[in-house]
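As a plain string of letters, each chain reads:
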Amino acid sequence: MSEHEPKEIVFFGKITAGMTHEMKNVLAIVRESAGLMEDLIQLDPSSAGSPHAGRMLVVLKTIDEQVNRGVELTSRLNRFAHHADRAIQSFDVNDLMQNLIALTQRFARLKNVTLAMVPGPEPIMIESRAVLLQMVLFVVIEAGLEALQPGAGIEIHPRLQADVCDIRLHFRDKTADPATIAATVLDTASEKMLGSLLSRLGGSADTDGGSESLVIHLPRRVHPPGAFSPDR
Amino acid sequence: MLLVDDEEDFVSALAERLHLRGIDARIATDGEAALEAMEIFLPQVVVLDVMMPGLGGAEVLKRIKAMHPELPVILLTGHGSIREGAAGLTHGADGYLVKPIDIEELIDKMRGALSGD
Chain H
1 MSEHEPKEIV FFGKITAGMT HEMKNVLAIV RESAGLMEDL IQLDPSSAGS PHAGRMLVVL
61 KTIDEQVNRG VELTSRLNRF AHHADRAIQS FDVNDLMQNL IALTQRFARL KNVTLAMVPG
121 PEPIMIESRA VLLQMVLFVV IEAGLEALQP GAGIEIHPRL QADVCDIRLH FRDKTADPAT
181 IAATVLDTAS EKMLGSLLSR LGGSADTDGG SESLVIHLPR RVHPPGAFSP DR
Chain B
1 MLLVDDEEDF VSALAERLHL RGIDARIATD GEAALEAMEI FLPQVVVLDV MMPGLGGAEV
61 LKRIKAMHPE LPVILLTGHG SIREGAAGLT HGADGYLVKP IDIEELIDKM RGALSGD
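Line by line, the protein sequences are chains H and B.
Residue numbering for the first sequence follows the numbering used here, beginning at 1 and increasing consecutively.
Residue numbering for the second sequence follows the numbering used here, beginning at 1 and increasing consecutively.
Chain H on its own, in the form it takes in the complex:
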């Protein structure tokens, strides 16, 4: 039995994916227009004596760099939007986490907290609810940003252990004990419905017996509601 993504999610995904496509067209126009200006300065002999040629080339380089930045951001957003296409899908947790971290960097930057991921050595393929998993991670990251002081860091380590994917979050803050932070983050995230979100993923979260990390445990394969789960 297939499970459908809630209509609201599908709606948001479709609109966002469509708009990122439009934004890429805009960036393509900006790139070509700026490129034409650069060409006219560099390739057209009549422009050689222009007094502002040097300055304009510097500005055009800035435009091109920002186009690259725009392309990166819209590509990330497009990937995020397309996760709403299907409720349950196969994906590489490394890729999913890297994309989510890129999309949430702004929140971390505003708090002056570094947010980084140490990917697993191999792809971590699971079959699960990509949108929901990203929401779970975002809830935990947000709780972490609330708990941490400026200058702190969050490091995310996804790993595969037999049939379980563990996503370990280390919180590094010189002003507090990491184990205490992990416990605080888990409590705060739990108040934000972490438990109910994780139950839909067949997963759980803990501080790994009081270690310095918060760990999210996920099965490699989530089952739609009502389906037989050999793990239960």
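FYI, nobody ran anything at the bench for these hints, they're computed from the structure.
Heads up, a few of these hints could be off.
Residues from chain H that keep clear of chain B, each with C-beta distances beyond 12 Å, as calculated [to be verified]:
#1 21
#2 54
#3 95
#4 104
#5 151
#6 162
#7 176
#8 187
#9 195
#10 201
#11 204
#12 219
#13 223
Listed next, the stretches of chain B that the computed footprint assigns to chain H, with coverage defined by at least 3 CB atoms under 8 Å from CB atoms of chain H [to be verified]:
#14 8 to 14
#15 17 to 31
#16 98 to 106
Computed cross-link-like contacts, SDA-like style, restricted to lysine to any residue with a CA-CA straight-line distance of at most 20 Å [to be verified]:
#17 111(H) <-> 142(H)
#18 14(H) <-> 135(H)
#19 14(H) <-> 51(B)
#20 174(H) <-> 146(H)
#21 61(H) <-> 104(B)
#22 61(H) <-> 101(B)
#23 174(H) <-> 150(H)
#24 65(B) <-> 51(B)
#25 14(H) <-> 65(B)
#26 61(H) <-> 102(B)
#27 65(B) <-> 16(B)
#28 61(H) <-> 51(B)
#29 61(H) <-> 103(B)
#30 111(H) <-> 14(H)
#31 14(H) <-> 25(H)
#32 192(H) <-> 202(H)
#33 111(H) <-> 178(H)
#34 111(H) <-> 150(H)
#35 65(B) <-> 36(B)
#36 111(H) <-> 149(H)
#37 65(B) <-> 33(B)
Quick caveat, the model's predicted, so the values are computed rather than measured.
C-beta: ideal position from N, C-alpha, C; glycine also.
Assemble the complex: chain H is given as a structure, and chain B must be docked to it using the hints.
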């Protein structure tokens, strides 16, 4: 070269940049116009946007290949249609580029397509 894309600002700037590099590039801003233009002027290579309103890139590719099987066609895709770009290769396209493109990469692809690479 014939450049086919519904974004006129993009394709006009690109054509002018190619002219500055000694490459004769004409433009069409929709599929029908592209096919009509090809009845008057047969380009050496066609650069074709995949996502266009009306007659889409896939259909234009099909019709070009039906009339001129040996004519190289390079597809332009956005990231959402990379699958369409790759699928286009199985329908006879000779390459694809993801927008926004790098003009030198386009020229390399064009030269490669013309030399049969």
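A quick look at each hint next to the structure:
A cut-off of 12 Å between C-beta atoms contradicts the statement that residue 21(H) is not in contact with chain B; the least separation is 5 Å. No beta-carbon of chain B comes within 12 Å of the beta-carbon of residue 54(H); the shortest separation is about 20 Å. The beta carbon of residue 95(H) is kept farther than 12 Å from every beta carbon of chain B, the shortest such distance being approximately 14 Å. Against the 12 Å criterion, residue 104(H) stays outside the reach of chain B, whose nearest CB is about 20 Å from its own CB.
Non-interface status of residue 151(H) relative to chain B is upheld: no Cβ of that chain comes within 12 Å, the nearest being about 35 Å off. Non-interface call for residue 162(H) relative to chain B: holds, since the shortest CB-CB distance, roughly 33 Å, exceeds 12 Å. With a least CB separation of 41 Å from chain B, residue 176(H) remains clear of the 12 Å interface cut-off, as annotated. Against the 12 Å criterion, residue 187(H) stays outside the reach of chain B, whose nearest CB is about 39 Å from its own CB.
With a cut of 12 Å on Cβ distances, residue 195(H) stays outside the contact zone with chain B, its closest approach being about 35 Å. Residue-level check passed: residue 201(H) sits 27 Å from the nearest beta carbon of chain B, beyond 12 Å. Once the 12 Å rule is applied to beta carbons, residue 204(H) is consistent with being away from chain B; the minimum gap is 35 Å. Its beta-carbon lying about 29 Å from the closest one in chain B, residue 219(H) satisfies the requirement of being farther than 12 Å from that chain.
For residue 223(H), the non-interface assignment is confirmed: its Cβ lies about 28 Å from the closest Cβ of chain B, beyond the 12 Å cut-off. Proximity of the segment 8 to 14 of chain B to chain H, defined as three or more residues with a beta carbon under 8 Å from a beta carbon of that chain, is established by the 4 residues found. Residues of the segment 17 to 31 of chain B lying with their CB closer than 8 Å to a CB of chain H number 3, which satisfies the three-residue condition for coverage. Restraint check on the segment 98 to 106 of chain B versus chain H: 4 residues with Cβ-Cβ distances below 8 Å, three needed, restraint holds.
Straight-line distance between C-alpha atoms of residue 111(H) and residue 142(H) comes to about 10 Å, which keeps the hinted pair within the 20 Å bound. Only pairs whose Cα atoms come within 20 Å are accepted, and residue 14(H) paired with residue 135(H) is accepted, the gap being roughly 18 Å. Between residue 14(H) and residue 51(B) the CA atoms are separated by roughly 16 Å; this keeps the pair inside 20 Å, and the hint holds. Restraint check: the Cα-Cα separation between residue 174(H) and residue 146(H) comes to about 15 Å, which is no more than 20 Å; the hinted pair holds.
Taking the CA atoms of residue 61(H) and residue 104(B), the gap is about 16 Å. The hint holds against a cut of 20 Å. The hinted pair formed by residue 61(H) and residue 101(B) meets the criterion: a straight-line CA distance of about 16 Å does not exceed 20 Å. Our distance criterion of 20 Å between C-alpha atoms is met by residue 174(H) and residue 150(H), whose separation comes to about 10 Å. The straight-line distance between the Cα atoms of residue 65(B) and residue 51(B) is roughly 18 Å, inside the 20 Å bound, and the hint therefore holds.
For the hint pairing residue 14(H) with residue 65(B), the CA-to-CA distance comes to about 32 Å; that exceeds 20 Å, so the pair is violated. Taking the CA atoms of residue 61(H) and residue 102(B), the gap is about 14 Å. The hint holds against a cut of 20 Å. For the suggested pair residue 65(B) and residue 16(B), the alpha carbons sit about 27 Å apart, so the restraint of at most 20 Å is broken. For a cut-off of 20 Å, the pair hint linking residue 61(H) to residue 51(B) is broken: about 29 Å separates their Cα positions.
Distance check on the hinted pair: residue 61(H) and residue 103(B) sit about 15 Å apart at the alpha-carbon level, within 20 Å; holds. The suggested pairing of residue 111(H) with residue 14(H) is violated, with an alpha-carbon distance near 31 Å, which exceeds 20 Å. The straight-line distance between the Cα atoms of residue 14(H) and residue 25(H) is roughly 17 Å, inside the 20 Å bound, and the hint therefore holds. Between residue 192(H) and residue 202(H) the CA atoms are separated by roughly 18 Å; this keeps the pair inside 20 Å, and the hint holds.
Annotation: proposed proximity of residue 111(H) to residue 178(H) holds, straight-line Cα distance about 18 Å (limit 20 Å). Of the supplied pair hints, the one linking residue 111(H) and residue 150(H) holds, its CA atoms being roughly 6 Å apart against a limit of 20 Å. For the hint pairing residue 65(B) with residue 36(B), the CA-to-CA distance comes to about 15 Å; that is within 20 Å, so the pair holds. A distance of roughly 8 Å separates the Cα atoms of residue 111(H) and residue 149(H); the hinted pair therefore holds under the 20 Å criterion.
Distance hint between residue 65(B) and residue 33(B) is fulfilled; the C-alpha atoms sit about 16 Å from each other, no more than 20 Å.
Of the numbered hints listed earlier, those contradicted by the structure are 1, 25, 27, 28, 30.
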